[in-house]
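According to numbering that gives the first Met the number 0, the sequence shown is numbered sequentially starting from 0.
Bear in mind the hints are in silico, worked out from the structure with no lab data behind them. Among the clues, some could well be false.
The calculated lysine-lysine pairs, modelled on DSSO-like cross-linking and capped at a C-alpha distance of 27 Å, are [claimed, not checked]:
no.	residue 1	residue 2
1	K56	K81
2	K309	K293
3	K272	K293
Here are the in silico distance ranges between beta carbons for each label pair [claimed, not checked]:
no.	residue 1	residue 2	range
4	K296	N126	35 to 43 Å
5	F242	T24	24 to 32 Å
6	G96	V170	44 to 52 Å
7	Q158	S285	43 to 51 Å
8	A123	S240	20 to 28 Å
Every residue, glycine too, gets a C-beta built ideally from N, C-alpha and C.
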Amino acid sequence: MSILAIQLGQCGNQIGREVFDTICTDLHSSQGFCSRKENDAYQAVWLLAVLVDMEPKVINQTLSFLKNWELRYGPQSAFCQKQGSGNNWAHGYCAHGGFLMIMSMAGGTGSGLGAFVTAALREAYPNSFLLNHVIWPYGTGEVIVQNYNSVLTLSHLYQSSDALLVHENAVHKICLQLMKIKQLGSAFQPPTPPEGAHYSRSPLAELLQLRNLFKPAVNFNTSIANLVTLRGKEVQCADLSNFQDPALYTSWLNPPETLRIWNTPRAFNKYEKSASLVSNSQFLLSPLNSLVGKAWKMFASKAYIHQYSKFGIEEDDFLGCFTTLEQVIASYSSL
Numbered sequence: 000m001s002i003l004a005i006q007l008g009q010c011g012n013q014i015g016r017e018v019f020d021t022i023c024t025d026l027h028s029s030q031g032f033c034s035r036k037e038n039d040a041y042q043a044v045w046l047l048a049v050l051v052d053m054e055p056k057v058i059n060q061t062l063s064f065l066k067n068w069e070l071r072y073g074p075q076s077a078f079c080q081k082q083g084s085g086n087n088w089a090h091g092y093c094a095h096g097g098f099l100m101i102m103s104m105a106g107g108t109g110s111g112l113g114a115f116v117t118a119a120l121r122e123a124y125p126n127s128f129l130l131n132h133v134i135w136p137y138g139t140g141e142v143i144v145q146n147y148n149s150v151l152t153l154s155h156l157y158q159s160s161d162a163l164l165v166h167e168n169a170v171h172k173i174c175l176q177l178m179k180i181k182q183l184g185s186a187f188q189p190p191t192p193p194e195g196a197h198y199s200r201s202p203l204a205e206l207l208q209l210r211n212l213f214k215p216a217v218n219f220n221t222s223i224a225n226l227v228t229l230r231g232k233e234v235q236c237a238d239l240s241n242f243q244d245p246a247l248y249t250s251w252l253n254p255p256e257t258l259r260i261w262n263t264p265r266a267f268n269k270y271e272k273s274a275s276l277v278s279n280s281q282f283l284l285s286p287l288n289s290l291v292g293k294a295w296k297m298f299a300s301k302a303y304i305h306q307y308s309k310f311g312i313e314e315d316d317f318l319g320c321f322t323t324l325e326q327v328i329a330s331y332s333s334l
């Protein structure tokens, strides 16, 4: 089954090109599925992607970025105009196998146009799977109207998309500042040289001992379902019993439906071992509550509403979006 990636706005195009760069690094690794001879025989690889932006700068950079890998976007795969959306969601929305939509929530093109394209794809392909990869804005603010844009984006995607994969900008920034690393994966390395280790063990048991717990807590993130992906040497021996605890999951799903574990001995991006977790849980309740609360405060004073009204987004549209997200918050809070 093929997946069409749709890169929307400055953020979506920058994230998209990094995604393809990472995939191609993995494909050309020493443990790749294809030999070097086979890779040379295929020559340039054409990427199944569409690039959309309201200004040409980032698209031009993206089209030239991947040439070192002999990768190519199709000659008619890019669409751009000469003037951006000015961080106005209404301008991006009203003016203009499966699908992977890569977009931001704070700006105008990625959020407004991204929500519009998602709705159009849902109408045209009602049976296709639609996944939106959205970049959650910094809580301290990138754009003055980012809370408005985010509320409008999330509420519209909730109606059209099958799933949202959320990437929080703030989490990466915290890791960068505290751990002094740009690539998070580079921090995961063995504490001793591999050749000097005579045995391996999981430190989780010690961390869960009573003396290591600061205080008891009855509140934790209840999950609907989790997917754990393990890659590398002997990953099938990893102890994942903590993920199998029924207390972590909602009561209305059977245990076999709550956890999936995928593993492969093939290493990822030169790391001996790697793990990733995709979780449908209450993790985003706190940032979502904060985002909606900030947007409500601005809306109560009618701040910047006129900028949206001139493109056709009225106060009733905002109220409908607030209602949708508050229902989402209530549903996840009741898990």
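Open item on the list: For each hint given before, does the structure comply? Return the numbers of the non-compliant ones in rising order.
Closed with: 3, 6, 7, 8
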